[in-house]
Amino acid sequence: MMKLKLIFASLLLLASVPASAQILYKVEGNGLTAPSYIFGTHHLAPLSVIEKTGADICFKEARQIVGEIDMTQDQMALAMAMQPHMMAPSDSTLSKVISPEDFTVINEEFKKWAPMPGMELSMLDGMKPMVVSTMVAVGMAAQAMPGFNPQEQLDTYFQLQGKNEGKTITPLETVEYQATVLYDSTPISFQAEALVEMLKDPSKAIQSSKDLTAAYEAEDLSKMLELSEADNDHPEFMVALLDKRNSEWLDKLPSIMKEAPSFIAVGALHLAGDKGIIEGLKKLGYSITPVK
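Counting with my numbering, you get residues 1 to 292 for the letters of the sequence shown.
Honestly, the hints are just simulated from the structure, not real lab data.
All C-beta atoms, glycine included, are put in the ideal place defined by N, C-alpha and C.
There could be a bad hint or two in this list.
For lysine-lysine, the following DSS-like pairs were computed, each having C-alpha atoms within a straight-line distance of at most 30 angstroms [what the hints assert, rightly or not]:
| no. | residue 1 | residue 2 |
| --- | --- | --- |
| 1 | Lys252 | Lys60 |
| 2 | Lys275 | Lys60 |
| 3 | Lys258 | Lys163 |
| 4 | Lys96 | Lys204 |
| 5 | Lys244 | Lys283 |
| 6 | Lys111 | Lys210 |
| 7 | Lys26 | Lys252 |
| 8 | Lys60 | Lys200 |
| 9 | Lys292 | Lys275 |
| 10 | Lys200 | Lys210 |
| 11 | Lys283 | Lys26 |
| 12 | Lys292 | Lys282 |
| 13 | Lys204 | Lys244 |
| 14 | Lys204 | Lys60 |
| 15 | Lys26 | Lys244 |
| 16 | Lys204 | Lys112 |
| 17 | Lys204 | Lys111 |
| 18 | Lys275 | Lys258 |
| 19 | Lys204 | Lys26 |
| 20 | Lys163 | Lys200 |
| 21 | Lys223 | Lys292 |
| 22 | Lys200 | Lys52 |
| 23 | Lys282 | Lys223 |
| 24 | Lys204 | Lys275 |
Computed beta-carbon distance windows for the label pairs [claimed, not checked]:
| no. | residue 1 | residue 2 | range |
| --- | --- | --- | --- |
| 25 | Ser95 | Ser203 | 21 to 31 angstroms |
| 26 | Ser90 | Lys283 | 24 to 34 angstroms |
| 27 | Ile57 | Thr156 | 46 to 56 angstroms |
Assemble the whole structure, with the sequences as input and the hints as a guide.
So, in structure tokens, the structure goes:
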């Protein structure tokens with residue numbers, strides 16, 4: 001089950017909102033002449049969360065929009081930069097790392113969630129399993145979660161809106177680096193196991209997605225982190241996905257925020273925990289205040 005949670009963490013309904021729940025924070029002090037804001041995003045969340053949390057007001061105050069990568073660049077250029085990391089070595093294609101028996105079974109299930117009618121798993125044979133898993137996860141969310149629109153994605157929305165308003169767009173890392181983290185941080189054999197697990201029992205994958213999204217809607221970062229780390233049998237992926245990148249971003253954020261009042265929109269899991277950027281900024285001497 002952990003393999004499924006890792007997939008949805010890379011994308012990234014509770015009855016009540018905990019008192020400590022929060023996905024939007026103000027950053028002040030430590031030499032800043034104007035506040036900056038940090039907003040935790042989730043790939044399966046609707047755009048309505050922006051107004052619900054008051055992020056739209058904070059967004060207006062910023063002169064600079066900071067994201068994980070630059071989503072405003074040409075989409076073809078983005079795809080070309082990621083492609084080398086998405087392709088599997090010739091000896092590790094899907095048909096070679098998945099048994100013929102499993103391949104036949106999961107191919108039938110894949111057709112239900114494929115982005116295009118008539119698409120077969122064999123058409124993606126040269127792709128790494130993580131690429132296919134992400135594709136399936138989006139398809140599952142689109143069908144199982146009312147209101148989810150894969151064309152409306154928070155990180156992209158903030159950056160495109162900021163660009164239209166003449167704000168500076170500042171990425172924290174390159175597309176190539178993010179692709180390395182997403183597709184090269186775990187062995188292909190592990191990725192293949194996750195894909196088979198997901199397609200053999202899609203109900204588990206769908207429930208995992210719903211649980212993670214429910215925690216996000218409740219603004220419960222601790223619950224999101226708990227769900228993503230539960231029964232973690234491949235901790236190095238989470239270290240590469242979260243901890244290492246958080247540390248690198250914390251090296252960059254002080255100068256970025258000092259340069260201009262910033263609205264920083266990154267995956268919500270990056271905000272959570274002792275190694276998250278919220279705690280990291282506090283340790284650097286900033287005053288962090290939840291925005292209600």
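Hints versus structure:
1. Lys252 x Lys60: Holds, at roughly 23 angstroms.
2. Lys275 x Lys60: 29 angstroms, holds
3. Lys258 x Lys163: Holds: lysine 258 and lysine 163 sit about 20 angstroms apart, inside 30 angstroms.
4. Lys96 x Lys204: With a Cα-Cα distance of about 25 angstroms, the restraint between lysine 96 and lysine 204 holds, given a limit of 30 angstroms.
5. Lys244 x Lys283: Cα-Cα ~17 angstroms, so holds.
6. Lys111 x Lys210: Roughly 21 angstroms separates the two Cα atoms, so the pair holds.
7. Lys26 x Lys252: Holds: lysine 26 and lysine 252 sit about 17 angstroms apart, inside 30 angstroms.
8. Lys60 x Lys200: 46 angstroms, violated
9. Lys292 x Lys275: 23 angstroms, holds
10. Lys200 x Lys210: 18 angstroms, holds
11. Lys283 x Lys26: 15 angstroms, holds
12. Lys292 x Lys282: Given pair lysine 292, lysine 282 holds - Cα atoms ~19 angstroms apart, limit 30 angstroms.
13. Lys204 x Lys244: 29 angstroms, holds
14. Lys204 x Lys60: 40 angstroms, violated
15. Lys26 x Lys244: 23 angstroms, holds
16. Lys204 x Lys112: Distance ~16 angstroms between lysine 204 and lysine 112 Cα, so the pair holds.
17. Lys204 x Lys111: Measuring from Cα to Cα gives roughly 18 angstroms; hence the hint holds.
18. Lys275 x Lys258: 22 angstroms, holds
19. Lys204 x Lys26: Violated, at roughly 36 angstroms.
20. Lys163 x Lys200: With a Cα-Cα distance of about 42 angstroms, the restraint between lysine 163 and lysine 200 is violated, given a limit of 30 angstroms.
21. Lys223 x Lys292: 19 angstroms, holds
22. Lys200 x Lys52: Status violated; Cα separation ~37 angstroms.
23. Lys282 x Lys223: Between lysine 282 and lysine 223 the Cα gap is close to 21 angstroms, so the pair holds against 30 angstroms.
24. Lys204 x Lys275: 29 angstroms, holds
25. Ser95 x Ser203: 21 to 31 angstroms: About 26 angstroms separates the Cβ atoms of serine 95 and serine 203, which means 21 to 31 angstroms holds.
26. Ser90 x Lys283: 24 to 34 angstroms: 46 angstroms, violated
27. Ile57 x Thr156: 46 to 56 angstroms: 20 angstroms, violated
When the structure is compared with the earlier hints, violations turn up for hints 8, 14, 19, 20, 22, 26 and 27 and for no others.
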